[in-house]
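Put together the whole structure using the sequences plus the hints.
Residue 243 is where the sequence shown ends in numbering that gives the first Met the number 0, and the numbering goes up by one at each step.
Don't read these hints as lab results, they were simulated from the structure.
Every value quoted in this text rests on a predicted model; they were computed, and no experiment measured them.
Keep in mind that a hint or two might mislead.
Said to hold, decoys possible - In silico DSS-like pairs for lysine-lysine, Cα to Cα no more than 27 Å straight-line:
1. LYS195 / LYS82
2. LYS207 / LYS195
3. LYS140 / LYS202
4. LYS140 / LYS207
5. LYS29 / LYS202
6. LYS155 / LYS140
7. LYS29 / LYS82
8. LYS155 / LYS82
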Amino acid sequence: MEPMPTKQSPHTIDTNGALLSVRGAFKIYKENDIETVALHGAEFDLAPGEFVAIQGRSGAGKTTLLNLIGGLDTPSAGQIVLKGRDMARMDEAERADYRRHHIGIVFQTGNLIPFLTALENVMQPMTWNGIPEGEARERAKQLLSDLGLSERLDHKVNQLSGGESQRVGIAIALSNQPDLLLADELTGELDTETTKQVMNTLKELHEKRQMTLLVVTHNQQVAALAQRVLHIADGVINGEAHHD
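And the structure:
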């Protein structure tokens with residue numbers, strides 16, 4: 000039996016200072032009358048400026064949870080409250096608009112448009128949001144420079160290394176100055192040295208900008224960089240560790 004979703008409050012939801020509050024989130028998939036529970040009542044808060052990793056094996060429910068938090072999917076039950084608004088109760092258009100203004104997502108593949116340059120890839124989300132082209136260009140240049148890519152502005156995707164492509168992906172995710180940055184197994188296809196470089200870049204950004212960062216990963220070395228690690232298995236968050 001699929002849990003019943005809770006009714007959306009017309010007012011801002013109190014999260015006791017948390018930027019993100021995941022409350023009793025379930026995700027149930029149905030196919031040919033067969034139900035698969037991918038997420039079992041996930042609960043946690045994320046404070047402003049916090050760096051948290053969700054660690055688990057493949058199939059543990061990490062990406063399902065990230066998709067709910069990123070507004071790419073909706074829970075079968077429970078709340079996904081970001082900045083006091085429950086995204087689970089928004090319609091698709093409202094959720095997409097909210098995501099565009101408040102959330103940046105770094106995908107494992109980088110999610111780059113191959114026929115555009117690095118600079119054009121980073122400019123595109125800003126122009127979609129109505130930012131004038133000149134301002135978008137300058138902001139994109141600054142982001143790429145901050146990420147060590149000032150010499151790669153006019154390079155197409157096939158001219159970039161794996162690590163460079165991921166850093167362009169990070170710049171894209173930061174382009175609209177999101178409140179929350181999400182990263183989905185962003186080092187999964189990178190070698191050990193490049194993984195270290197990309198994660199150190201994210202850690203430096205977190206420290207310099209006091210950025211709120213949530214990373215999902217199967218990699219212990221990646222998770223170790225976070226201030227807090229939530230462990231997930233079989234769709235259940237079943238442990239937590241804090242790092243100094």
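Consistency of the hints with the structure:
Distance check on the hinted pair: LYS195 and LYS82 sit about 31 Å apart at the alpha-carbon level, beyond 27 Å; violated. Taken as a hint, the LYS207 and LYS195 pair is honoured in the structure, with Cα atoms around 18 Å apart against an allowance of 27 Å. A hinted pair counts as satisfied when its Cα atoms are at most 27 Å apart, and LYS140 with LYS202 qualifies at roughly 20 Å. Of the supplied pair hints, the one linking LYS140 and LYS207 holds, its CA atoms being roughly 18 Å apart against a limit of 27 Å.
Only pairs whose Cα atoms come within 27 Å are accepted, and LYS29 paired with LYS202 is rejected, the gap being roughly 38 Å. Distance restraint check for LYS155 and LYS140: the Cα-Cα separation of roughly 15 Å lies within the 27 Å cut-off, and the hinted pair is therefore satisfied. Using a Cα cut-off of 27 Å, the hinted pair LYS29 and LYS82 is violated, with the two alpha carbons roughly 31 Å apart. The hinted pair formed by LYS155 and LYS82 fails the criterion: a straight-line CA distance of about 36 Å is larger than 27 Å.
Violation of the numbered hints given earlier is confined to hints 1, 5, 7 and 8; the remaining hints are satisfied by the structure.
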